Amino acid sequence: MASWGEARDSRLIGQRIPRLSGADKVTGKAKYTFDVNQPGMLYGRILGSPVTHAEITAINLSEAEALPGVKAAIPLIEPGKRVRYQGQEIAAVAAETDDIAKDAIRLIRFDYEELPYVVDVEEAMTEDAPQLHEDRPGNQSKPGIDERGDIEAGFAEAAKVVEATYHAPVQTHVSLETHGHVAAWDGDNLTVWASTQAVFGTRRDLAQHFNLPEDKVRVITEHMGGGFGSKFGPGVEGRAAAELARKAEAPVKLMVTRKDEHLVSGNRPSMTQHVRAGATKDGRLIAYDLRGYGTGGISGGAGFTGPYVYHVPNVRTEKFAVSINAGNARAMRAPGHPQGAFGMDSLMDELAEQLGMDALEFRRINSDSQPRRNEIRQTEYTLGAREIGWHRRNKVPGAGRGVKKRGIGMGCGQWGGGGGKGTQARVTIHADGTVEAVTGTQDLGTGIRTVIAIIVAEELGLRPQDITVKIGDSAPGLASGGSGGSQTIGSVTPVIKTAAIAAKQKLFEHIAPQWGVEPEALRAASGKLYLASDRTKTISWKEATGHLGMETISEGGYWDEELRIGDVAGVQFAEVEVDTETGVVKPIKIVAVQDCGMVVNRLTTESQINGGVIMGLSYALLEDRVMDAQTGKMINPNMSDYKVAGTMEIPEIKAIALDTGRKVTGIGEPPTIPTAGAIANAVYNAIGVRIRELPITPDKVLSALAEKGKA
Amino acid sequence: MPSKVHVQTTINGEEVEFLCEPRQSLLEVLRDVLYLTGSKEGCNNGNCGACSVILDGRLVNSCLVLGAEIEGKSVETVEGLAEPDKLHPIQDAFLENAALQCGICTPGFIVAAKALLDKNPNPTEHEIRYWLAGNLCRCTGYDKIVRAVQDAAQIMSSEVSA
Ligand code: FES
Ligand code: FES
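Sequence order for the protein chains is C and E.
Here the first sequence stands for residues 0 to 710, where the numbers follow numbering that gives the first Met the number 0.
Here the second sequence stands for residues 0 to 161, where the numbers follow numbering that gives the first Met the number 0.
Simulated from the structure, these hints should not be mistaken for lab results.
Here the structure is a predicted model, which is why all the values come from computation and not from measurement.
Idealized CB from N, CA, C, for every residue including glycine.
In silico lysine-lysine, DSS-like type, Cα no more than 27 Å apart, as pairs:
#1 C/Lys469 <-> E/Lys85
#2 C/Lys709 <-> C/Lys394
#3 C/Lys246 <-> C/Lys215
#4 C/Lys588 <-> C/Lys699
#5 C/Lys101 <-> E/Lys3
#6 C/Lys28 <-> E/Lys85
#7 C/Lys505 <-> C/Lys536
#8 C/Lys28 <-> E/Lys72
#9 C/Lys642 <-> C/Lys585
#10 E/Lys118 <-> E/Lys72
#11 C/Lys101 <-> C/Lys30
#12 C/Lys101 <-> C/Lys258
#13 E/Lys85 <-> C/Lys30
#14 C/Lys541 <-> C/Lys527
#15 C/Lys403 <-> C/Lys585
Cβ-to-Cβ under 7 Å is the rule here; a few derived chain C residues that face chain E:
#16 Gly21
#17 Asp34
#18 Arg257
#19 Gly444
#20 Leu602
#21 Ser606
#22 Gly610
#23 Ser639
#24 Met647
#25 Ile652
If we strip away everything but chain E, and leave its shape as in the complex, we get:
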């Protein structure tokens, strides 16, 4: 068996060290090594976005990144968004808009939306749809997801200016 790789990295602002196999994906590391199961597996080959995380500021499908690749980098997952007793505005907006049903795609959408709003705080509806096109949901019909992201953008930009 190949020897394990030692990785030192930052996840949700905390320094983390772990051992993983060279071929383990970041998604597997998050879920099976670090027990951060908020990032979901829908397809394991880059088609559904359920495993979305932010890697050094860039939105990626964690099933397509190797665990070993995050050495020295910084990863944001859905677990890192809320404060101890306060949801992130995007999470609030998803709740308020009922932008989820079974909810298994939801962490991926929320992380993707976060990556969008980090870059572009005032996206148009078209930009939101375009950005989220890599995230699939079989339950909701997307409409409310798009509206949730619009709402979150509004709330976040008013928070910034306030």
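Same shape as in the complex, but just chain C:
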């Protein structure tokens, strides 16, 4: 069984190491899918439905095909079928330039019969709403019901009960690089550059689509511009790119437009929850009753967590998804958690206030449902409270003087992220001393490329830059799973580590006989091999590998589950300033304390925490997919009206990456979970009025203050 060793013995693990691909990225050399150019390459475009709900009766591509410069056009829906949301793919073209492709899209003729639509969740649940599915009466999926304990007895025991409705909007991913592919055929071999979180998943999908053996399809993702859960397969657009390329007999680049990205490429479902919960006089959660729903678009699910984090003995929950005529949900950074956490954290604060307890104290009393997490969480409370200055919060919410009022709040999260079996990797040592680590994972910007180099370098006693990391390519045939669920580090690094151990062992076996010792007597550090019992007996790395002669060492690894752990806890604290005249909420400081298992690269770990916090902040204060009930269209499918946080919205962020042991874990998702709840609670602490609906925009703040004024 392998181990990461003690922290004090690590030279690299836990340090701050700039990412290996950084120089390529800051100079513009790094090639993303969007940047791939191939000889004779054509530009693809998709015609998305301009109508919200219709039966397509005919599609005519001949005018588009006749436009000079157009090389291929294909339908993406059969006549007789329905488009069920704005933007749904109807047809695609490939042309010599992007502008010609744009023109060609306008020349595609199609006939349709419009059908009634509904894009508002509450309206979709009414009796008169158009029924969008035969098996979802009232546009509602069969509810998932969870019952434990005795809910009535629980409420009977409760000293205080809070009843509230919380709501969070649909959020879209807004990866800076949209979905897209470049597809090129060579005979019946297909090469696809893909902006994807799943190189091997994309290969499988395309192989199946074209009925090819998987090794005839190569998928490459050298660099990619963000995915956040939305990019797990080629999708309609990737298959269309490959179809067009085959038809035109030329490579095709097809990138989704920013508008279509908002409409069709996934989103986080909305959440509405009606919840009633009770606590005993001494502050224990005792009963929790929830009815909740959200929309995941036309047929997507809308699950969310609740109750969350804290143990509640008596629970009844009923959750379902509501169909509307809008693009489907996809996994989005910690699916279900940020919305659930916002509800739970708001509820916790409301209950604490009813009980006359401090919100932090109330959380301490109610332990996490999992013992390891609970222990870590208690530490996180202490660290975070100290860092934010919890004692400074308003004892009486809204008590601050002046126009601009400050408040402090907190929120909690939990996540899995332990990884799993299924990654193949090789570590290769060449006679010239070069080292390669190869596996089929992909780097979405998380930093896994650098992490792999750190781990191999640590084991072999080299520097990270000495290791050539080859990832993001299916050609070597070393499969790895998609990068989602914060599973990458837990899935990949145990295999890399054991492969590096095996490769090192092989090298030791070469050198040891020459020294007349057993391989176990050797060590590797600082670019040398040496004798454990006599550190003066050394041989440089290069000299040692030189002894391999014509040989190459190439070793695989195995997934040693002792090297990783899941189930992490996170706590965040927020301080905000609310302008009671304009209603603007300005975040001042956010403290994110995150259980990180064993931090491999502190620099990139903190970056991930920062990034998660900002996405959470953006969710709390700005983001909202706005649908127009009359036209059935999204009003803000761009990057100016769909607001994501920019430099002006950013507070000081204190990321505390907590080392909680010697096992790796993924933290791409957990830091985005607690932020919205922490901010909502801080707003309440500042102004003394609770806003139960995200995003907390100035209009909501002002009307809440006006309501309070009236009371």
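Position chain E with the ligands against the provided structure of chain C, taking the given hints into account.
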């Protein structure tokens, strides 16, 4: 099809000639005609700043400028910043501060920061944030970007005075 426009211009200090369609944006010309793909497309309508370039000393979104408009002008893109074996101090500072993750917004930020420091070598934190408000990043949380620009400003002004 409309006939192509002949354009003579300077890009990153070098004289360049190209043919483009009258309606092609500068971003398209850079990326699809000249294969300078360092300038990125995030939105193609002026909202994200990924396509930032410096045109005659002014920071612009190249997706909002026509290729034909740069006749006789001078354009700086991210490709022009580093010397053959030495990164520009802003690029160094982005690396050191880990001011990038996926990195697709990074060239835009770096070019925007360059335009700022060309004008104002010692910006306050607020000035940096204000200046960079037109550049969006979905990964980093901006904090480290702002710090990188602060660091770069310091290093560059000490280089000048040294
Ligand atoms: S691509 Fe030009 S501003 Fe977004
Ligand atoms: S680093 Fe990914 S968008 Fe900025």
